[in-house]
Amino acid sequence: MQSLRRILALMVKEFILILKDPKSRFVIIGPPIIQFIIFGYAATYDLQNVRYAVFDESRSTLSRELLSRVEGSGIFRLSKSLLNERQTATVIDDDEARLLIHIGPEFDRNLRNGLPATVQVIADGRNPNVALIALGYFGTIVEQFNQDLLRHGVVTRAGPWVRLVDRAWFNGNLQSRWFIVSALGGIISMVVVMILTSLTVAREREFGTFDQLLVAPFTPGEILIGKSVPGMVFGLMDALLFALGAVYWFEVPFRGTIPALILALLCFIVTIVGVGLLISSLSMTMQQGLLGSFVFIMPSVTLSGLATPIANMPHWLQVADLGNPLRYIIIALRDIFLEGADSTMIWPQLWPLMLLACVTLPLAAWLFRHRSQ
Amino acid sequence: MAGGIDSKEPVPAEVVLSVQGLKKEFAVKKRPPVQALRGVSLQAMAGRVTGLVGADGAGKTTLIRIAAGLLVPTEGRVTVLGFDSVGDTLEIQSRVGYMPQKFGLYQDLTVAENMDLYADLQGVPGAERAERYRRLQDMTGLASFTRRRAGDLSGGMKQKLGLACALIKSPRVLLLDEPTVGVDPVSRRELWKIVYELVERDRIGVFVSTAYLDEAERCSQVVVLHEGQILAEGTPREFMQRMEGKVSRVVPPQAGKPRRLYTRLVGREHIVDATIRSGLVRVVTDTVGIGSITAALAGEEVAAIEGIQPNFEDAFMAIIPRAEHHFQPARGGDTPAATPDREDEVVVRTRELRKFFGDFEAVKKLTFEVRRGEIFGLLGPNGAGKSTTFRMLCGLLAASSGEISVAGNDLHSSRAMARSRLGYMAQQFSLYGQLSTLENLRFFGKAYGLDSGRLRLRLEWAFAEFDLGRWRDKAAGSLPGGYKQRLAMAAALLHEPDILFLDEPTSGVDPFARREFWLRINGFAEQGVTVVVTTHFMEEAEYCDRMLIMSQGDTLAMGTPNEIRALVRSADNPQPTIEDAFIALAEGEVVPLVIRSDAGSTEGADK
Amino acid sequence: MSPAALFLMRMRGILRKETLQILRDPSSIALAIVMPLVLLFIFGYGVTLDAEHIPLAVVSADTGPMAGDMVARFDLSPHFATTRLHSMAEAVQQLNEQRIDGIIRLQNDFSRRLHNGEQVPVQLIVNGIDANRARLIQGYVRSVMGEWAMQRRARGEEAATPPVSVAQRVWFNEESDSRNFMVPGLITLIMTLIGILLTALVIAREWERGTMEALLVTPLRRVDLLLGKVIPYYLLGMIGMGLSVGVAVTVFNVPFRGSIGALLLLSSLFMLASLGFGLLLSAAIRIQFVVAQVSILAGYLPAFFLSGLLFDLESTPRFIRVISHAVPARYFVAISHTLFMAGDIWPILLPNGLVLAGMAVFFIGLAFRNITKRLER
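Residue numbers (the numbering used here), protein chains in the order written: chain A, 38 to 410; chain B, 26 to 632; chain C, 5 to 381.
A portion of the hints provided could be inaccurate.
With a straight-line cut-off of 27 Å between C-alpha atoms, the simulated DSS-like cross-links for lysine-lysine are [as the list claims (entries may be wrong)]: (1) B/LYS127 to B/LYS48; (2) B/LYS499 to B/LYS54; (3) A/LYS57 to B/LYS54; (4) B/LYS127 to B/LYS218; (5) B/LYS499 to A/LYS60; (6) B/LYS48 to C/LYS377; (7) C/LYS377 to B/LYS54.
Now the in silico label distances, taken between C-beta atoms and shown as ranges [said to hold, decoys possible]: (8) C/ARG88 to A/ARG106: 29 to 39 Å; (9) C/ASP29 to B/ASP311: 22 to 32 Å; (10) A/PHE63 to C/MET92: 51 to 61 Å; (11) B/LYS499 to A/GLN85: 17 to 27 Å; (12) C/ASP29 to B/THR171: 16 to 26 Å; (13) C/MET92 to A/THR381: 39 to 49 Å; (14) C/ARG157 to A/GLU143: 14 to 24 Å; (15) C/ILE291 to B/VAL59: 15 to 25 Å; (16) A/GLY67 to C/VAL255: 51 to 61 Å.
Everything labelled a hint here was simulated from the structure, so no lab data went into it.
Using N, Cα and C, we set each Cβ at its ideal position, and we do this for glycine too.
My request is simple: use the sequences and hints to build the entire structure.
Structure, rendered in structure tokens:
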């Protein structure tokens, strides 16, 4: 009873402090909004406005038909029409276009005579991802063009021909925004919880109030609980707000269950609180706390699978990444949002989180007791 | 030491610093600007030390910063050596040595590298350096530390290095902003010796602000600043002459027990100031003679009341107007303490207490006891180990070996509940600056497990006792200094602790707040609260029942103020102060002596 | 002494002080040397968009040689790790459990229809959650099928080519190795960290520790103060850059096709622009804690997200693109990609370099205006 009263007093104090301190308030509001904008709009692999140049030597109905399909795809934007061979050498070098489409003079004639025709495409490999995806789009356009040539009888010659019929499940239009925005809750709650908890002890140390706390009849456990609850509440709040933002602003589908979402976030936040308190116990100044959380946040976000797939990493790094709590919540969130997972289906992501929490929390408590002397 | 400088003046003094009608405002968000200086005019001469004294927030630092060209005045002007502080800032800066309150030494650089840096910046020619360095290092005693990093120097050494850097180009004017704050008495004395040497040999002009009134007394000229205005100006002697006949000392009937008389005198009509000095009560009145003292002490037993020579501090206390500093303490005995048998019970006990930091032995086998209702002082120069000892007592630090018992527990290993019997007040203001006064108090009340009924009663008590009602909903960080300290004390006392731990409670607090603070402490001790306090203001040690003087982790001396003073009593100095004793002990002039103050033997040394 | 001699003496003092401080302060070393290396290794190894061994199920009910030939092509591709499954239901379940990323299905009349000269569909189902990866898988599958058709033709078997085929080439980065793209971009990030975060922190620390006040009352000119900060951190940033380029070329085998001179010139411009921004921040903010937060928000994050380092800028909405023009890193990312992969192509380097030079002048000029020898602003 006494213990509960003390914890409550500490919690109330922490809440008031966070809400009164402009810097802490900013931590709850600033990074979330910035991340919402950055991740929502800037972090996208979906291509638009890919600048391309055309060197059309054929200048025929068919070549124009093909090019109009490229233009009409909504992905490509014509930046330059070339008139002679010489220009093709520099147009990519000088970044005037990222894709060069070269249609030879025989194009129309060959097709009408039943001969195969070739379209030459050169992509700027300085950004290989853009190059590959743009080439993929272009390939699809050409494939469709071929189909129509046959259907409309422009080309009569038919032979055995293998055709790819592709379909994407869970995300039919292959929008990468869904992929990134659905995982936002994990990142945002991590940043908020990390900054709030990792600075909480250091701030008291710097303002000299920490001794005051230690001298008062708090047990280390009470201090840790009292200090972690506000971070958890604000982290969860931000994460849920972002789930709403994802669904209503970015129109990401929500196919799973709300209990599963809350359960997953809670498990994750408890783990992160452990990490935050760990850093907090280790750092004597706020700067160290900030640096410490930066050191944790940066690689864990980089290796979380948010932007690049974990499966692409070398094997040893994938093994090391098993200790990264963020990877689990991101998978869980995507499962919940896009695949319709419920509480039982995310279990494979939950137990590693719980396991990590079982390591970080006691370690934080132990360190706290030993470093607070 | 320096009192006679002005008398030796052979030629009319040259004005090196002149301040004319200086006003300075600081803009504050959403509030009327703060008036730091409201029309100040003064002059400082070459070959003299001009002292600037005043309470916190009087505008001392602002004035010195304007002179150094760091701030631009709102109105009026300052000229240094004939150069305008705004227009010819660079001219001034190449001729003036300036030492800010916290001198910005580069902690990562060695002593020599710090000096090299300032020599380069000031353009000291390479040929002159060797000679200059040698002289400065001889003066400051830094010669054997040239390769040590500034961060590893002791507090006093750092100040001396700061001074050496400020003096690197033989400046014609030296501006010092509270150069001795937080410096132990021995280092303070050495620092001043250097300054006076320069004044006499090189005839430079020194303009210094200080909070230590004994330092002001040794200046050639003193300016008293109060709330941005000059209250008085003159030589210290002129100040003291005005007090002639208004200062007396009251000898208590029982030697070494002046506290009762002191509490009776404070705040009474015509009594400007009362302090405990050398075991006697020093009283300043606003009337000549001892009439008002006898009136105030009617009915008290007194051994003697004698008129004595005034000092600058008396004059200072008499000059500063005090509307809100008028504090009437709760009289000891009005609210009798619940513990009648308080004299004998040992509340704090240590035995062979040691603390190592790596190989360094910070505390060496310390043994002492504190009894209930005692005020026990821990004294010592910077780095003596008093803070370490103090933190071990509070349970903030684990002892390496030895025993500690506070109210029967070792606070470090005991359960949290054991700590609910003690109150703690940290060195710096350490409440939550953003929380309001009420929120702070409520938090600490609940932290110590007060239920809502009792909490309400105690909150009412705190607001009444410490007169905090006006600040109830103000953020604690925005309170004026004195009120911050009151709030910190209220928070420490809210749960009615048996033992109060106070770590340098008066550092950075002006003389008025300090007096008020000690008055309260006395009151609580009278009620049976045991007080353990660290301080580096030696005159404050007079208020303690007993004290422990530490140096380099070792016990230098322990005993009552009378016993400590007795160590250095001689024909030359029949009424030594604690500071005299401390310096003698620290410099090894007196054999360190530990007086085991077991009950009954405490009065022995005074006879 | 002459004013010039005095100036040189002051510069010597302040430069020596900065150098000693950097050498002795572990946090400067950590930020300037350790952090870049850690970043390089994390990104160099951890961030790659190239997929290998993508788990893929092949469901083929056709036992004919032509189907077998096709399936074998998928098995041989380094991009895929295939498993043969016999029922579609099983494959769908594995896809749902995310044990595989896609299913390739050949119908049981695959060989027969092919033999008859008909059009035969090959079905591909991918998990679209990671849209980027899904697109890459589609691309890889398509190219495997293309190779299959080509080989058949080479063997003289009848295999129709589509009427229009695409001959594609990727310039500058023939293997489309995303590390070649990532690592040069990272150097931008590292220099941003040194230029903005480290510089701003160090100056804020001088304010907090009170050393600034002592410096201000010396006869130091504003120019001295500016140069005293710019020169050491410029050099530190260039060392970080050199280190990163060295690691990129030797450890990660990223090609460097430009000239060292161009790299030095252009990275200097970028470094100066970043430094100017850092100095501006520190002139405005004197608290380390706040400076750290602001420099991460205003320096690091934009350099990461709005520079084209990881995400393609041209595909972002217009307002993001407009904002990105204010980010110096954007210009240097373009420069370093060109220098590393393409060479000294001045039509790209020059405009970007000019913008950086303009920014450097602007930020340093503004910082200089904001440097004051007074405590107040």
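Comparing the hints with the structure gives:
1. B/LYS127 to B/LYS48: Status holds; Cα separation ~24 Å.
2. B/LYS499 to B/LYS54: holds, 16 Å
3. A/LYS57 to B/LYS54: Holds, because 17 Å separates the two Cα atoms, which is no more than 27 Å.
4. B/LYS127 to B/LYS218: holds, 20 Å
5. B/LYS499 to A/LYS60: holds, 19 Å
6. B/LYS48 to C/LYS377: The hint holds at about 20 Å.
7. C/LYS377 to B/LYS54: holds, 23 Å
8. C/ARG88 to A/ARG106: 29 to 39 Å: Given about 37 Å between the Cβ atoms, the range holds.
9. C/ASP29 to B/ASP311: 22 to 32 Å: For B/ASP311 against C/ASP29, whose Cβ atoms are near 57 Å apart, the range 22 to 32 Å is violated.
10. A/PHE63 to C/MET92: 51 to 61 Å: Holds, at about 53 Å.
11. B/LYS499 to A/GLN85: 17 to 27 Å: Distance hint for B/LYS499, A/GLN85 is violated at roughly 55 Å.
12. C/ASP29 to B/THR171: 16 to 26 Å: At roughly 21 Å between Cβ atoms, B/THR171 and C/ASP29 fall inside 16 to 26 Å, so the hint holds.
13. C/MET92 to A/THR381: 39 to 49 Å: Check failed, 25 Å falls outside 39 to 49 Å.
14. C/ARG157 to A/GLU143: 14 to 24 Å: Cβ of C/ARG157 to Cβ of A/GLU143: about 19 Å, so the range 14 to 24 Å holds.
15. C/ILE291 to B/VAL59: 15 to 25 Å: holds, 21 Å
16. A/GLY67 to C/VAL255: 51 to 61 Å: Between A/GLY67 and C/VAL255, where Cβ atoms are some 37 Å apart, the hint is violated.
Of the hints listed earlier, those the structure fails to meet are numbers 9, 11, 13 and 16, in rising order.
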